[in-house]
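Chemist: Here is what each chain is made of, one letter per residue.
There are 6 protein chains.
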Amino acid sequence: MDNSVYGSTLQPFAGITTFMRQPATRELKDVDVAILGIPFDSATSYRSGTRFGPRKIRELSAMLWGSNQVLRVAPLDHLRVIDYGDVDVVPVDIHETFARTTATVKTILDAGATVISLGGDHSLALPLLRAHHAKFGKLAVVHFDSHGDMWDYDFVGYKYSHGTPFRRAVEEDLIDTDAYLQIGIRGSTSALDDYEMATNLGARIMTIRDAMAQGTEKIVETIRQTVGTRPIYISFDIDAVDPAYAPGTGTPEVGGFTSFQALEMVRGLAGLNSVGFDLVEVDPSFDHGDITSLLAANLVFEFLSLAALKKRAAQ
Amino acid sequence: MDNSVYGSTLQPFAGITTFMRQPATRELKDVDVAILGIPFDSATSYRSGTRFGPRKIRELSAMLWGSNQVLRVAPLDHLRVIDYGDVDVVPVDIHETFARTTATVKTILDAGATVISLGGDHSLALPLLRAHHAKFGKLAVVHFDSHGDMWDYDFVGYKYSHGTPFRRAVEEDLIDTDAYLQIGIRGSTSALDDYEMATNLGARIMTIRDAMAQGTEKIVETIRQTVGTRPIYISFDIDAVDPAYAPGTGTPEVGGFTSFQALEMVRGLAGLNSVGFDLVEVDPSFDHGDITSLLAANLVFEFLSLAALKKRAAQ
Amino acid sequence: MDNSVYGSTLQPFAGITTFMRQPATRELKDVDVAILGIPFDSATSYRSGTRFGPRKIRELSAMLWGSNQVLRVAPLDHLRVIDYGDVDVVPVDIHETFARTTATVKTILDAGATVISLGGDHSLALPLLRAHHAKFGKLAVVHFDSHGDMWDYDFVGYKYSHGTPFRRAVEEDLIDTDAYLQIGIRGSTSALDDYEMATNLGARIMTIRDAMAQGTEKIVETIRQTVGTRPIYISFDIDAVDPAYAPGTGTPEVGGFTSFQALEMVRGLAGLNSVGFDLVEVDPSFDHGDITSLLAANLVFEFLSLAALKKRAAQ
Amino acid sequence: MDNSVYGSTLQPFAGITTFMRQPATRELKDVDVAILGIPFDSATSYRSGTRFGPRKIRELSAMLWGSNQVLRVAPLDHLRVIDYGDVDVVPVDIHETFARTTATVKTILDAGATVISLGGDHSLALPLLRAHHAKFGKLAVVHFDSHGDMWDYDFVGYKYSHGTPFRRAVEEDLIDTDAYLQIGIRGSTSALDDYEMATNLGARIMTIRDAMAQGTEKIVETIRQTVGTRPIYISFDIDAVDPAYAPGTGTPEVGGFTSFQALEMVRGLAGLNSVGFDLVEVDPSFDHGDITSLLAANLVFEFLSLAALKKRAAQ
Amino acid sequence: MDNSVYGSTLQPFAGITTFMRQPATRELKDVDVAILGIPFDSATSYRSGTRFGPRKIRELSAMLWGSNQVLRVAPLDHLRVIDYGDVDVVPVDIHETFARTTATVKTILDAGATVISLGGDHSLALPLLRAHHAKFGKLAVVHFDSHGDMWDYDFVGYKYSHGTPFRRAVEEDLIDTDAYLQIGIRGSTSALDDYEMATNLGARIMTIRDAMAQGTEKIVETIRQTVGTRPIYISFDIDAVDPAYAPGTGTPEVGGFTSFQALEMVRGLAGLNSVGFDLVEVDPSFDHGDITSLLAANLVFEFLSLAALKKRAAQ
Amino acid sequence: MDNSVYGSTLQPFAGITTFMRQPATRELKDVDVAILGIPFDSATSYRSGTRFGPRKIRELSAMLWGSNQVLRVAPLDHLRVIDYGDVDVVPVDIHETFARTTATVKTILDAGATVISLGGDHSLALPLLRAHHAKFGKLAVVHFDSHGDMWDYDFVGYKYSHGTPFRRAVEEDLIDTDAYLQIGIRGSTSALDDYEMATNLGARIMTIRDAMAQGTEKIVETIRQTVGTRPIYISFDIDAVDPAYAPGTGTPEVGGFTSFQALEMVRGLAGLNSVGFDLVEVDPSFDHGDITSLLAANLVFEFLSLAALKKRAAQ
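Residue numbers (the working numbering), protein chains in the order written: chain A, 1 to 315; chain B, 1 to 315; chain C, 1 to 315; chain D, 1 to 315; chain E, 1 to 315; chain F, 1 to 315.
Some hints could be false.
Said to hold, decoys possible - Pulled from the structure, derived: some chain F residues nowhere near chain E, Cβ distances all over 10 Å:
id, residue
1, A24
2, G37
3, R58
4, R80
5, A103
6, Q214
What the hints assert, rightly or not - Here are the computed lysine-lysine pairs in the DSSO-like style, where the Cα-Cα straight-line distance is at most 30 Å:
id, chain 1, residue 1, chain 2, residue 2
7, A, K159, B, K159
8, A, K29, C, K29
9, F, K159, C, K159
10, D, K311, D, K106
11, A, K29, A, K135
12, C, K218, E, K106
13, A, K106, A, K138
14, C, K159, F, K106
15, D, K29, B, K29
16, D, K218, F, K218
17, D, K106, E, K159
18, B, K159, A, K106
19, E, K106, D, K159
20, E, K218, E, K159
21, C, K218, B, K218
22, C, K29, C, K138
23, E, K29, E, K106
24, B, K159, B, K138
25, D, K218, D, K159
26, D, K29, D, K218
27, B, K106, B, K135
28, E, K218, B, K218
29, F, K138, F, K218
30, A, K106, A, K311
31, F, K106, F, K310
32, F, K218, A, K218
33, F, K159, C, K106
34, F, K159, F, K310
35, B, K106, A, K159
36, A, K106, A, K310
37, D, K311, D, K138
38, E, K159, D, K159
Hints are computed from structural coordinates only; laboratory data are not their basis. As the structure is a computational prediction, the values presented were derived from the model and not from experiment. Ideal Cβ positions, reconstructed from N, Cα and C, are used throughout, including at glycine.
For reference, chain A alone in the conformation it holds in the complex (with noise of 0.2 Å):
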């Protein structure tokens, strides 16, 4: 396939904006890994303005270069991967968004693809599990995130929210509770038993001052013992890491993570059995000199390395 169109001979400030350069197609015959855009913010509490996610990730995508020297492998020597552009979401109805995109990953899925969305905002996980589920069976999930999203609403009343979609799974059974952690949970909290309610719903919560205490190779260590060979689904809120880092989000936390020890912590879970990856809470509007989509076209690097990792395995 000939991707010059896209730039892949150019430098990183020519060419058209798919990720990594990829070839923008709908056609998923022989396709290892699809990226795919969910711009989707109405469900948020704080800043609306991630549905301009995707658009800016894969912007910052052409400064990666294609190989990466921690986890040794150049994924796209592996892996055969697509932009398939953006789900069709509609901003007035959460409910049709999410059967959009439960619907179109269960496309990509079927197919035999392996999905990395990118978002949006956090409400979009539902969706995403409910089709990796139909797929998969039930998930463990490792959670990158400053807050838990298990509370029962954010809007009284309402079920769905970017504050809820973790409940919800744990309610719809999408997710194996012996397997599913949380990490760099922080901040102030609507509830004084916050931890403990989610706790009881069968989230491992790592707090930041956890993981701080601990550092990355033991929140690793941890991870893998938990998760086995279980299939996992990684879902990684940019707003896990500190704003000095990832300024451009929609709720954004003081008090978190480098951008070093996210990287590391995403690199450790190479050779387990990860079947789904989102990457979500990037809003351009209020970061600055793209330094946060920068970092999550990084993260997705190390998503697609870890792709690439286990088709390696594989062969």
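Guided by the hints, dock chains B, C, D, E and F onto chain A, whose structure is given.
Modeler: Then chains B, C, D, E and F, alone, in the frame of chain A:
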């Protein structure tokens, strides 16, 4: 009433940011005008972020010194104004948001006060018109905008969005189509017969080219002749103004009015029977130096001046 | 052709950012217009950064809805448009960049398509004129700019920079000096006889003061009388427009056109024999709220409309 | 008290921005804590603009959900908090501003409430210490900062500026110099013996290098041992934190604390006899994505939590 | 004098930023014009930050190429210009700052040079007028502004601020009230009789509505007739210009002049007996793309051109 | 020498922005250190804009108060420092720019002064190394960076760009490959064997992971052992630091050093035989709150301190 805590005796940089330092309260007795924020932005087709419009317009209103030299009136000498705070919008439910908006506005109107609402996106014109129609009957509408907002849908199959409120309002018979003017219309459209469609529905379109050719004085004259003594609802989408003067908006359209022209047109409505006002589509995320919010605050000040002149004339 | 992956059925905030959702391809068969980016900015005398112009103009083109109400044409109904991607510029070699630009443009022109190019700095007008001259012979040139770009050098001893292309083009006999107009010229100059020098070289200068005194209608009339039926190359340096309307540019010059005037002048060229177009000097690093790129996208839309009218007239 | 007009039942993006939605009032009966803004910035040696600090910290406080998970307390369950608005500062008269500040704070303290003040520049620490000294006698001071602010003058011959308050406070005998700690000190200084001078005046300096070498736990231990049961005034200059985490400040100093470290140190003061608090030098003009104001709001939330724990313990 | 270290032979992006590359020196022998910065911003009623105005205007002056095409003069061919640096202002003491300003300006005037001063806030007009009055006697004043700055006080009881300088100057009999024009006045005012008050004090007010109705040519004519051959002080508050063109200012006022109009009015003063100049209220913190500072630099270039024409005429 | 015109007695917000208020001059007699700007950015592979680096670093250097508390030295007490201004770069000719850079640096070195150069992009390291090699012979190089800059080309077939200088320098035998360290290397690379290639060429790579694992003290120890008493050239690419701390750069790479670590490493070089210094890749267009330039100015201050210690030791 002691407004000192809001900063009524302070410089513009100090104090708590209610609109023009007026008291934040929901007590409506003896109130002439209630400023009402409606921070809803889920119905937009490009940039979200207008949910922060009301907050920022209030902040910039601290720069309003009180006396209108052109209209020769100091509104707060004649009107008891309160800041009613914001409608409890639900970003994921436009129907409920509309219902709450209409209900809140009705409550205020029923108490005998005039509402000046701060958006939020332009979809809100519909629930606002519903509430005003309930009180005043069919409304003449003076609609400043770059877009007619008379599409059948923005999102295929969805009747409510920020591109459709005036079509819905016509369909619901809220508007007196003998006196409905759209001023400043411009930009590319989805169909070549967009203007014809709007005209057929009852709108009288003054494109920006007409407006530039005529000048503001003649525009004002046309408005006055058209609306006569009818009860008038004024809806001002800040994107009527050129992005140079109002960059902070959701769907900017180049080639628009200057701020001077905008002010002159609103001032030109003095003496008419204005019964309702909205100022919508201010999106501070894309503003700079707060110039859009400052212009919006000044336009709201002109609205207040119109209301003051009307009350003074009635006494 | 299925453009859905680019977002042809999506809202402006979604999809992959080719120009107006048109297919990214280098296949030129049956193509009417090719959009071509040339992200070169090494020849600038003040701010670099226009290398990001093509990318950002493409992004903002998603806000173009398709129908031109002033010129009464929906360009994509008449033209098959593609996004050809970017020229492989070499920031450290202006000569090679020029050679590649001319070669690429010739390839497209030879395939029978019209080129609309997105800069990049204005030095690129020279290789663009070379390619168009090869196809069309000597060209009438309608050149919107605040600077005449007819210096002998910006950098002492260097013939090629963004201040010299039109002098070089005259020297290379690419321009029909009976029909070369510069419109919007202003600002301080390096020598008092700068205008005289340009006039002697064959340019007809309309300073911004002339332009403001005459108005756009009369300017258009002058252009039309001057160029007649000649093949016309239109070169639009965004700094012709005032920095209030187009802050995102490399060498802004205060006291310029409004966006409305810019649009009106380009529309005024309808019916003429336009054969080539460039829109240069958009520098997103210094823009805000994307207003400069939005204006540029709209000006390109006017170019497309001119091309569509020409094709429609020829049928 | 009905706080709904301030948005107590609304999402963070809605409502009028008092601190944490608490009532704006000057009624002090039964009040435990009064939040007080002091928007004075005339005493700064580099960037002015901190006059907008109080307003912006209030705005970001809407993101505080109420429960402190680390200190295990929901401050508003224990404290009656009001937003007292701002001191009527006089930018051209530092003496009068100091007098008004001291008077206002005394009024609040005399009514039995605790003051948490939001700056404004750090010169304000002097009138704040004066008022607290009048109530509590000599104060232990925990002073987080990158600068010691113990110069004899910033402006030759002028005793009052943002570089001198703590020297003046020592000279006025307001501080218990057996218990005065400066934490985070760094950066170039005007004299090589600056630290010696400060030490001679009674300050105990923990430079950032000491702090980084020790870690926050040991710093906290040192603080606790030093201050014991004395009444403590906590002064937090946001520039103690690194500009990566707190760019929005008047005299940023590179090489500072992370936001996580800042939070941990303040939390470490739980159980001590804190009697006064200030958070100063937030300059929103140089912030981005509001990350500095968000951090400031969170630090104030920790102050509130300390106050709540103290009251709970006293009951 | 060798100015190469300042970049006189370099492109605008290179070199040390004195005004137009002229030598930084305090040697006044044979100097025609001294550029003087006065970075004082403590007397402002809204945004501080104009202390960075002089620095940024100098930076943008690197874009001035030397020849004024409208006035047909290359100022540096006729004038020996130096950059005198900045007055040593004291942010906490307006009286001392005024004294130092007056003294510095007197020193320069006494050496036979003309002063062009760069603010800083508009309170500085008073010490500037004092110094010029000492040299030239009562002054005709051409005052471009959106505010008359003739209040008795901004801060109750304080005579000196950026809202009062011209009242003080009239009271001190520095201005010839037969020849004092205010041009561009607009916006809300604190009292309905503000204009009457100013008129009674001797100012002739041309509101922005008068100005827009008349056009710049007629304004210029009025100015010329009014001032005749009197010695003229020109005071240009950048907020006379609309915030679209000059967002970077302390108290922006919507509905103002375009940059083209501003330039035309200043150029219209050619041939008059201008003896002093200030350009104030540029606040780079709220600018974008440096467009305000660029406009300011161009206006100062027009001032220089006026001075050059005067000297040429005198020879 | 009287530096008052540059503001040596003024606050940081005032005065003309030479580096640390030192005299702008090209007179080299008795000079110890010359600060030299090289505003060239045509050799960058992503963002241009570093041409404004020297100017902005100078501006922020006004915040440096003179005494280095960690290294216990006030550099200006020991060194006569001048600001030599900028090299007359030619954006369209990298060869000529290199020649002029080398020539200018040689002139300064030959006069017996040390050069601290401010970039500009990293391609400049090559002409800088050439000039230093001519004076000092083969150089030990301590190279802080996220990228090794040892590619054979960025632009196919072009030997000179910001990704190649150190390969060229090795090829030209300018570097002592027994003492060439790269510190902070990270990010995706174009080939999997990039590090191997660099190692084979003679570089000793400390990746960011090595660095984070070891800590700055151990890094410093390694450097000291490696370079010994050799003449050392220190090249600091600001992108060695994480984008959170240094967003204003051309090719940011996430997961890097903190500003504290950066300062500590440079300070660790005290006592070594440093003979040359550059600080490159500061791109103010993408900075915010000037934090990157402030960090750069502080790093240059550490360079100055190293030079002062060296001179003091030699006396």
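Chemist: Are the hints correct? Go through all of them and say.
Modeler: Do the hints match the structure? See the list:
Against the 10 Å criterion, F/A24 falls within the reach of chain E, whose nearest CB is about 5 Å from its own CB. The claim that F/G37 lies off the interface is violated: its Cβ sits roughly 7 Å from the closest Cβ of chain E, which falls inside the 10 Å cut-off. In this structure F/R58 is not separated from chain E by more than 10 Å, as the shortest Cβ-Cβ distance comes to only about 7 Å. Every C-beta of chain E lies more than 10 Å from that of F/R80, the closest at about 16 Å, which supports listing it as non-interface.
Distance check for F/A103 against chain E: the nearest CB is about 15 Å away, which clears 10 Å, and the non-interface claim stands. Non-interface call for F/Q214 relative to chain E: holds, since the shortest CB-CB distance, roughly 40 Å, exceeds 10 Å. The suggested pairing of A/K159 with B/K159 holds, with an alpha-carbon distance near 23 Å, which does not exceed 30 Å. At most 30 Å may separate the alpha-carbon atoms for a hinted pair to count; A/K29 and C/K29 meet this at roughly 26 Å.
For the suggested pair F/K159 and C/K159, the alpha carbons sit about 23 Å apart, so the restraint of at most 30 Å is met. For the proposed pair D/K311 and D/K106, the alpha carbon gap of about 20 Å is at most 30 Å, so the pair holds. For the given pair, A/K29 sits about 18 Å from A/K135 by alpha-carbon distance, which is consistent with the 30 Å threshold. The suggested pairing of C/K218 with E/K106 is violated, with an alpha-carbon distance near 51 Å, which exceeds 30 Å.
Distance restraint check for A/K106 and A/K138: the Cα-Cα separation of roughly 15 Å lies within the 30 Å cut-off, and the hinted pair is therefore satisfied. For the hint pairing C/K159 with F/K106, the CA-to-CA distance comes to about 28 Å; that is within 30 Å, so the pair holds. The straight-line distance between the Cα atoms of D/K29 and B/K29 is roughly 26 Å, inside the 30 Å bound, and the hint therefore holds. Distance hint between D/K218 and F/K218 is fulfilled; the C-alpha atoms sit about 23 Å from each other, no more than 30 Å.
Among the hinted pairs, D/K106 with E/K159 is consistent with the structure: their alpha-carbon atoms are about 28 Å apart, no more than 30 Å. At roughly 28 Å between alpha-carbon atoms, B/K159 and A/K106 fall within 30 Å of each other, so this suggested pair holds. With a C-alpha separation of about 28 Å, the suggested pairing of E/K106 with D/K159 holds against the 30 Å cut-off. A hinted pair counts as satisfied when its Cα atoms are at most 30 Å apart, and E/K218 with E/K159 does not qualify at roughly 35 Å.
Pair hint C/K218 plus B/K218 holds up; C-alpha atoms about 23 Å apart against a cutoff of 30 Å. Taking the CA atoms of C/K29 and C/K138, the gap is near 26 Å; set against the 30 Å cutoff, the hint holds. Using a Cα cut-off of 30 Å, the hinted pair E/K29 and E/K106 holds, with the two alpha carbons roughly 15 Å apart. With a C-alpha separation of about 21 Å, the suggested pair B/K159 and B/K138 falls inside the 30 Å cut-off, and the hint holds.
Simply put, D/K218 and D/K159 have alpha-carbon atoms about 35 Å apart, too far for the 30 Å limit, and the pair is violated. A C-alpha spacing of about 40 Å is found between D/K29 and D/K218, which places the hinted pair above 30 Å, so the restraint is violated. Distance restraint check for B/K106 and B/K135: the Cα-Cα separation of roughly 8 Å lies within the 30 Å cut-off, and the hinted pair is therefore satisfied. Distance check on the hinted pair: E/K218 and B/K218 sit about 23 Å apart at the alpha-carbon level, within 30 Å; holds.
This hinted pair checks out: F/K138 and F/K218 have alpha carbons roughly 26 Å apart, not beyond 30 Å. Straight-line distance between C-alpha atoms of A/K106 and A/K311 comes to about 20 Å, which keeps the hinted pair within the 30 Å bound. Between F/K106 and F/K310 the CA atoms are separated by roughly 21 Å; this keeps the pair inside 30 Å, and the hint holds. The suggested pairing of F/K218 with A/K218 holds, with an alpha-carbon distance near 23 Å, which does not exceed 30 Å.
At most 30 Å may separate the alpha-carbon atoms for a hinted pair to count; F/K159 and C/K106 meet this at roughly 28 Å. Between F/K159 and F/K310 the CA atoms are separated by roughly 36 Å; this puts the pair beyond 30 Å, and the hint is violated. A threshold of 30 Å between alpha carbons decides the hint, and for B/K106 with A/K159 the separation of about 28 Å falls inside it, so the pair holds. A hinted pair counts as satisfied when its Cα atoms are at most 30 Å apart, and A/K106 with A/K310 qualifies at roughly 21 Å.
Pair hint D/K311 plus D/K138 holds up; C-alpha atoms about 22 Å apart against a cutoff of 30 Å. A distance of roughly 23 Å separates the Cα atoms of E/K159 and D/K159; the hinted pair therefore holds under the 30 Å criterion.
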